[in-house]
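Chemist: When you get a sec, could you build the whole thing from the sequences and use the hints?
Heads up: the protein sequence lines correspond to chains A and B, in order.
For reference, each letter of the first sequence is one residue, going -16 to 209 in the working numbering.
For reference, each letter of the second sequence is one residue, going 56 to 274 in the working numbering.
No wet-lab data here; the hints were simulated from the structure.
Here the structure is a predicted model, which means the values were calculated and not measured.
Incorrect hints may appear among the rest.
To be verified - Okay, the calculated bits of chain B under chain A, using three or more residues with CB under 8 Å as the criterion: (1) 98 to 104; (2) 108 to 121; (3) 235 to 245.
For every residue, glycine included, the Cβ atom is placed at its ideal position computed from N, Cα and C.
So you can see what is in the structure, the chains are spelled out below.
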Amino acid sequence: MGSVGLTLPWEHKLSPVERNGERRVEPFQEKAETLGIKEEVPQDASVAAACLSGNLQGYERLYRWQGTRMKNLARNLLGSQSDAEDAVQETFLKIQRSITSFRGQSSFVTWTFRILVNTCHDLRRGRVRRKEQANEDVDALPSRKELRAPGAHPSLRMALERALERLTAHQRDVFLLYEVEGFHHAEIAGMLEISETASKNTLFQAKKNLRAMLEPPRSSATGGAQ
Amino acid sequence: MNINCDDRERIFLYGSPEEWAALQLHANACDVCADELRAWQQLNAAAVELRDYEESPALWARIESSLRQQQAAPAPRKSSWTSLDFWRHISHAWQFALVGALVVALAISSGYLYTHRPVSSVNQGNTLLKTGALAEVERTEREYMSAIDKLATGAGPQLNADTPLMANYREKLLVLDSAIADLRAQAGENPSNAHLRHQLLAMYQEKQQTLQDVLETKR
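Modeler: In C-alpha cells, the structure reads:
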C-alpha cells in the first residue's frame, strides 16, 4: 500500500490524547483562561463589535486571541512559515475590508477562520499556477516545507505532514481544524460551508486514509511479531 | 452496553462517550479492535505534533501597519457586481426559485409588450407625407415607372416565348401588376400615406427584378 517512507513509528510511547472518546479537548481552553477570558461568546461578540467600529485595537485583540492558532493552521496548510504569515496578514486585511458584511450568523472566530482557509487555498492555488507557468514540477510543493521547532516526536510529525499532503484538500482542512486546532464539527461546518455530518464523515475518511498511509507494511509487521 | 467489532467504525464516526468507553472495554478482549483503537488514538496524539503556537514577534506590527494603510486609503469604488454579493448568501433552493420567478416575469412582460405593441403598419399608414415630399415621391415614382416600362418593352419578346419558365414569369408579372394597380388606387385616395407608397415602391422593385431576371435568361 504505498506507505514507504511514511511509516509511522507506532512503537513511540505516546501519551494518548484524553478525549474521552470523541469528546472535544479544546487546545485553547487553558490559553483562554490564562488570558483571563471566562466565556468565549462575549469575547467573540465584543471583538467583532470592536472590529466593526473600525478600532484597530479590536483587530489586535483578535490577533492576541486567535493569531497563533491562525498562523499554525496556515502553516500546516501552506507548509511555510513566511507563507503562513502572509496568509494571516491577508486575512486581517480581508476582515477589515468586509467586516460590514459580517452578520453574526456564525461566531466571529468561525467567520475569521473561513476567510483564513479560503485565503490559504487561494495562495496555494496561486503557487501551483506560478509553478505551472514556470514549467516546474507541481509535485515539488511539499519541498517548500520548512524546518520548524522540533516537537517531542519530529519523525512522527514529518511522517504526518507528508501523509497530509496526500489527502484531498477537504480532508486535510477538516483534519487540521478538528484534530490540530480543536474546533468542533459545528464550527468546521460553518467554516467550510458544509454540514456537520459531512464534517464528521470527512474526518473519518481522512483518518482512515492517514491510517492506511502511516501504518507499517503488513509483511514487516507480521515479521516483527514473529 | 454490548459492543462488537461491527460497531467499531460507527463509534469512530459518531460514537457517544459511553460507546467509546464500551469499545475500550471490548478492545480489552479483542486484539483487532485493540489495534484499531490504538492506531486511531495514536493518530489523534500525532496531530498534537502539528501544533506550534509560537509567537511571531514582528507579525502583529506588520499586520497593524497594513491595516492602517488600508484604513487610510480611499475606499475603492464598489463595482456593480459586489452588489450581487447577497446572491452567495442565499440557499440554492431560493436561487432556483428567484431565477424561475425572473424567467416567468420576463415571459409575462414580453407577452404583454408583444400583444400591446404599437402596430407599426398603422403608425406608418398614419404617417402623412408633407406636400413637398409628396411631390418628390410622385415624380420619382413616375420616373421609376417609365424606366420599368422600358425594361418591360425590352423583355417583351423573351416573355412571349412558349416555355414553362416564361409562363411562370408572365404569371408573376400579372400578379405584380394587379397588386401595383390596387396600391395605386389606394394611394390615389390617400396620396399622403407613406406606408402605401413604401408598399408600392416594394412592388415596383419586385417587378424590376423580375424583368431583369427575364432579360438575364435571354442572354
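Chemist: Out of the numbered hints, which ones does the structure contradict?
Modeler: 3
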